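If you want the building blocks of each chain, they are given just below.
Protein chains: 2
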Amino acid sequence: MELYDKIKNLCAGAKAASPVLARASAKQKNAALLKIAELLWAEREVILAANRQDLDRAGENGVPAHMMDRLALNEGRISGICDALRELVGLTDPIGSGECWTRPSGIKIRCVRVPLGVIGIIFEARPNVTVDAAALCLKTGNATVLRGGKEAINTNMALVSLMQKALVEVGLDKNAVSLITDTTHEGANLLMQMTDYVDVLIPRGSARLIRAVKENSKVPVIETGAGNCHLYVDESADLDMAVKIALNAKCQRPAVCNAIETLLVHENVAAQVLPMIAEKMAEFKVEFRCDAATKPYIPGAVDAAESDWGTEYDDYILAVKAVSSLDEAIDHINKYNTGHSEAIITRSYENGRRFQQEIDAAAVYINASTRFTDGGEFGFGAEIGISTQKMHARGPMGLMALTSQKYLIEGDGEIR
Amino acid sequence: MELYDKIKNLCAGAKAASPVLARASAKQKNAALLKIAELLWAEREVILAANRQDLDRAGENGVPAHMMDRLALNEGRISGICDALRELVGLTDPIGSGECWTRPSGIKIRCVRVPLGVIGIIFEARPNVTVDAAALCLKTGNATVLRGGKEAINTNMALVSLMQKALVEVGLDKNAVSLITDTTHEGANLLMQMTDYVDVLIPRGSARLIRAVKENSKVPVIETGAGNCHLYVDESADLDMAVKIALNAKCQRPAVCNAIETLLVHENVAAQVLPMIAEKMAEFKVEFRCDAATKPYIPGAVDAAESDWGTEYDDYILAVKAVSSLDEAIDHINKYNTGHSEAIITRSYENGRRFQQEIDAAAVYINASTRFTDGGEFGFGAEIGISTQKMHARGPMGLMALTSQKYLIEGDGEIR
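Listed in order, the protein sequences are those of chains R and Z.
Quick note on our numbering: the first sequence kicks off at 1078 and runs consecutively.
Quick note on our numbering: the second sequence kicks off at 1078 and runs consecutively.
One or more of the hints may lead you astray.
Which copy is meant is left open, because identical chains are indistinguishable; a pair holds if it fits in one copy or across any two.
Said to hold, decoys possible - Quick list of in silico lysine-lysine cross-link-like pairs, DSBU-like style, CA-CA up to 30 Å:
(1) Lys1251 - Lys1412
(2) Lys1295 - Lys1092
(3) Lys1357 - Lys1185
(4) Lys1251 - Lys1085
(5) Lys1412 - Lys1185
(6) Lys1362 - Lys1372
(7) Lys1104 - Lys1362
(8) Lys1412 - Lys1291
In short, the hints are calculated from the structure, not lab data.
Quick caveat, the model's predicted, so the values are computed rather than measured.
Could you build the full structure based on these sequences and the hints that come with them?
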């Protein structure tokens, strides 16, 4: 069969499964989540064997160590995946909830949450995303079409096969979760054209992946993740707090989207705070790329190029720049940021207030680390990604971001 | 100047105006709306003179009567536009409102509504849309780039010039509302590529216009309006109610998107209810396009073609089809509808419930006319259009649909 027909049939199958899934009770969907957790744990040897195949091939192909680490499963990680499924059961299902009111005309209106329908997820070789994304979609009554990175294909096939088995065991359609096994670019591109069957595409992964999906997809896309985040140390900052937060925001987990990439420092405190920050970050061997004004204060710093201001390093690298005012800091951030997370360290009420008002980003912090931009930390209990767009959802996307709405109107013969 | 540069500069001007507008108080935005109403009324002769130019040219070009009617302004219509502006002042401004909570980590989170930024509106030759769309965007702190139909260009230039004068008089940037004066397709197409400056495009008008924008736009689009709406008369229906609602939904205002295009009738009541409906609709000279099963019951009916089931007539034409079950009605509607408004007339609790659950549309009615799908009728006070997509907004879009959100986080040095 042609690849086009194969992917079309798979997406059509997901579409056909979606109305029944949309009407499934929370009880039934939770039973499916628990059954998936049960089967993944019971069949962990099958999953680990498939994962070993992927790891062996990746090793032969010289896949870098950090990607090997993301790809690798072990009993502990499978246990973690199962725990996440059980936690998801405890969250409130938004489907069917909403508001109701009666109009002067007599009609009674309910506005209730409904699933989006079929959600396509394009992601890289991270097997935890496979289960996590499908589970969040299932919890909200959406069918999922997964298309993961080629390095994880055997693992993904094992995981999806077990998820489908669990769906069938609780009386749901196995097509509620499906996997595109073609891992060429063509496979992903075809998924992006399936406007008749797929309601939304969510890319999860690198900035390059997200850009490729956004540029090529005819299916509506929710952009996630790209985070060129800044920390601005104001003239009035508590400098010890600035050091502590800079260290956390850069070094606790540099590869994630809510880590900072650029440190902006008011010129009047640069000489004092930068050596303190450099000293603390020495432990992590952070590379500093500085403008002319800040370079003298950091031993071993290199010159920043224009391109550094727009780069998401995802690594132990920090761009550093002095600014002469809050306005300059705000202008720099609004010029280079990706609309993700930005922070100011300040003791000034007015500067904090202006920073929050004028910075255009999903999350704007005063005196706290950008690392808090996360569905769990925000209290949503789960997260499908972090939206950096303004439409539909912005910031950490919990279950509500996977829903739409529907107006249900009841009358007794009312006309206009 | 090249057209590209002209439109780019105009959009860049709107973008530059948007942060200040985003921070404008409700009081200031309301002052602008009142000033616009004042100036439009004071300068009504200027507007009417421009409108006469447009009407004269349209008359020479043989523009059809119903389009001439949409294009025409008079004192009454200008007064209506001004009344709508004053009503908008009375609505609550959603900007800055939202929820707040504190997390165990100690961070305090506010999730507040913010403007989308710059909204592009592509519409046809309806001068009331010019003011209405700009006013709704202004009320929610969004800058607007308008691109109206060529037949209304003089009227639009007069209206936008007065709106800009009002903005300046209350201390706002005139670029908060601007008009693309090029009315070629090229002008609209360039607007659709301005991803650096325009956050959202909302097409308002015919299905053809909306499809063209959706297919060509790189800027995210909110689809509005196309309505292939159905009324299903169930076997258990109160037939007098069915007649009354069919008449209202088809004939009260056939050119609008929430009017019905197809009538589905359960085969067991077709012989009884169809002659009643045909009799009432005779007054409006409705043309009936029937399947074989229903044609005998309607004098003068013609045969429906397959294409009739997917056509939005926007006219005194009604497609009619018999179905043998609720399932067949639901399947037909889900196959041909545009996700707008659908209604069932029934006395059966179970059939009403299933219809509302299983029909995939923004608004699903039991025993009421589809004509109620409207921001005003739903109680939103104003409406920028009716979304037929599932992302961001679905159904009548009030002020909330013109907003996004932003998380404002306050801490005292919290780190992860």
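(Q) Hint compliance check: list the failing hint numbers for this structure, sorted ascending. (A) Hint check: 7 fails alone, others pass.
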